[in-house]
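*Asks:* Sequence:
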Amino acid sequence: MSEVLLTGLVIGESARWHEGRLWLSNWGAQEILAVDENGKSEVMAKVPTTIPFSIDWLPDGRLLVVSGPEGRLLRQEPDGSLVDHADLRGLGAAGLNEIVVDGRGNIYLNGGCTFTPDEGQAPGLILLVTPDGSVRRVADELSFPNGMVVTPDNRTLVIVESFASQMTAYDIADDGTLSNRRVWAPVTGDGISLDADGAIWAPGWTEDWQPVCQRVAEGGEILDRIHVDHACFACALGGDDGRTLFMLTADWRMNEGFEDNLNRLTTGPRTGQLLTAPAPTPAAGHP
Numbered sequence: 001m002s003e004v005l006l007t008g009l010v011i012g013e014s015a016r017w018h019e020g021r022l023w024l025s026n027w028g029a030q031e032i033l034a035v036d037e038n039g040k041s042e043v044m045a046k047v048p049t050t051i052p053f054s055i056d057w058l059p060d061g062r063l064l065v066v067s068g069p070e071g072r073l074l075r076q077e078p079d080g081s082l083v084d085h086a087d088l089r090g091l092g093a094a095g096l097n098e099i100v101v102d103g104r105g106n107i108y109l110n111g112g113c114t115f116t117p118d119e120g121q122a123p124g125l126i127l128l129v130t131p132d133g134s135v136r137r138v139a140d141e142l143s144f145p146n147g148m149v150v151t152p153d154n155r156t157l158v159i160v161e162s163f164a165s166q167m168t169a170y171d172i173a174d175d176g177t178l179s180n181r182r183v184w185a186p187v188t189g190d191g192i193s194l195d196a197d198g199a200i201w202a203p204g205w206t207e208d209w210q211p212v213c214q215r216v217a218e219g220g221e222i223l224d225r226i227h228v229d230h231a232c233f234a235c236a237l238g239g240d241d242g243r244t245l246f247m248l249t250a251d252w253r254m255n256e257g258f259e260d261n262l263n264r265l266t267t268g269p270r271t272g273q274l275l276t277a278p279a280p281t282p283a284a285g286h287p
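The sequence shown begins at 1 in the UniProt record's numbering and counts up one residue at a time.
Hints were generated in silico from the structure; no laboratory data involved.
For clarity, every value in this text was computed on a predicted model and none was experimentally measured.
Misleading hints may appear alongside valid ones.
List of simulated lysine to any residue pairs, SDA-like, C-alpha gap at most 20 Å [unchecked claim]:
#1 40 - 59
#2 46 - 270
#3 46 - 3
#4 46 - 36
#5 46 - 67
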C-alpha cells in the first residue's frame, strides 16, 4: 500500500536519495527537485533542455546532469551554474538517457535511445567517463537502455533494456570496462533501485497491463508488487534507514503515442506524483 508524498509533477524521473531528501528530475518543467519526508520540495537546478535529463553525483558531492537530447554531461558549480563535465563528441552520445556513478567515481551514461528503431536494430550504448576525464564506449547493441544500478562491490552493472523487456548485467573490470553480458532477469523496468538482498525494485506492468512497482530477484522471480494508479517511471530506496520505497508516477496511457502523451502531460493538468511505501530490505549499491 502506497501513500502520496507530493503531487503536481509533470513526469518525475531519475529518483535518487541524497543527503536526507529524495531528488528527482521533473521532466516537462526543466526542474531538478529535492523533496523531504514531509513532502516539502525545493528547486535545486533549472535544466535548459527538454526530455530526458537524469542526475547523479560525483564522489565530492557535485551534481551531474545528463542533458539527453543535446548529448551533454553537465556539472553544477558552487554558484549553481551548469557547465560541461566531459567532451562526449564523436562517441554517439545523441539521445543520452540515464546515469549512474559507481563507488570509484566512474560515470556510466547510456544513450542511443530512439522510440522508432529500425526493425531488428538495437542502437543503444553505454559510455564510461573515468575520474581522469577520459571517455570511451564500453557497451553497445542495447535495446532502449534505461535505468542502471551498480552493486556495492563495484563489480556488476545492471541495466534495463526496455524494448527487450529484460534487465541485462555486465561484469565491471578494475578499469571500468564492461564484459560478460548476460540476462539478469527477463523483466522490464525503467528507473531502478537495488536492495541489500541483491533484488531490484523496478517499474513495470502486470500481465493485464496494470501499473506496478515490483521487486525482482536475479533470474526473474517477482518477490513483491505494489500496485499504483498510474504508470511508474522510476523508483528509489531511501529514508533514514533506507527502507522507504519512493515511486514516481504519471498518467501515461499505453494506447497513446509518445508525443501525444507528452503533449497532454505538459499542457494539461499535472498528474505526476511521488509515492512512498515501506520496503523489506534497505538500499544498497549505486545510485
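*Asks:* What hint numbers does the structure not satisfy?
*Replies:* 1 and 3
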